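Visitor: Okay, here's what each chain looks like letter by letter:
Number of protein chains: 2
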Amino acid sequence: MPSAKTNAPHKPDAETCKALGNILDRVGDKWTVMVVGILSDGPMRFNALQRAVAGVSHRMLTLTLRGLERDGLVKRTAFATVPPRVDYELTKLGHSLKSPLEILAEWVQTNRAAVERARKAFDR
Amino acid sequence: MPSAKTNAPHKPDAETCKALGNILDRVGDKWTVMVVGILSDGPMRFNALQRAVAGVSHRMLTLTLRGLERDGLVKRTAFATVPPRVDYELTKLGHSLKSPLEILAEWVQTNRAAVERARKAFDR
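In order, the protein sequences belong to chains A and U. Take 185 as the starting number for the first sequence in this note's numbering and just add one per residue. Take 185 as the starting number for the second sequence in this note's numbering and just add one per residue.
To be clear, the hints were calculated from the coordinates, so they are not data collected in a lab. Certain hints may be false.
The list makes no distinction among identical chains, and a pair is therefore deemed to hold if it is satisfied within one copy or across any two copies.
[Unchecked claim] Below 20 Å or equal to it, Euclidean Cα-Cα: the simulated PhoX-like pairs (lysine-lysine) are:
(1) K304 to K259
(2) K276 to K259
(3) K276 to K304
(4) K259 to K282
(5) K304 to K282
(6) K276 to K202
These figures come from a predicted structure and were not determined experimentally.
Please construct the entire structure, taking both the sequences and the accompanying hints into account.
Guide: Structure follows, in structure tokens:
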């Protein structure tokens, strides 16, 4: 494990930059932000999640959930019922990501109008 | 301006979901996180930025800076010197994004080892 030294969190040395960037891209992804937000209320089935995450395709939700499961942020539980039932829920690690993502999502909601005004001005 | 009602920040209604998701994907992008972090110390020229953002290509840094400028987060100033000099600095809006991104980057640094352990276990 490399020592973090006194680098600012956003200025890691070159060696760790790639690894951090890879995780950042995953957790900063918009579908991840939405899925983590929705699952923070409790476990949910795939179909209910798809209804809750506006605009997500079946394929994109599948990929997002698999990525979250691989990263240890979401736990997938299959029940041997008829029809089969699969629940998704946040792990402890996933719950710890909730607050940072909420803060980011709040920034977006607060500043959405300003960003959209800037884009219109830039595109003129 | 649509009213925010009482929706949680990560659960906007379907109408605004796409617009928010679009901005989220931009500000959660790893290069954006790194560039905003580095520019938070003050204005910087392109070449200095490229040295500071480990692993970024000329093209990707150009695209990232243009996106940040379009979003109103970064201001580009060209000086009529020989050779020409171009500075990039955070706008007031860009500065307001610094803290949310630092919190996210801190989560990544703190939990990097846990995520990498989860990935290894999943891939086995």
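Visitor: Next step is simple, just say for each hint if it's right about the structure.
Guide: Hints and how they fare:
1. K304 to K259: between (42 Å within a copy, 15 Å between copies)
2. K276 to K259: This pair counts as within: shortest intra-copy Cα distance 10 Å, inter-copy 40 Å.
3. K276 to K304: between (41 Å within a copy, 18 Å between copies)
4. K259 to K282: within (15 Å within a copy, 31 Å between copies)
5. K304 to K282: Neither, since 32 Å and 23 Å both go past 20 Å.
6. K276 to K202: This pair counts as neither: shortest intra-copy Cα distance 25 Å, inter-copy 28 Å.
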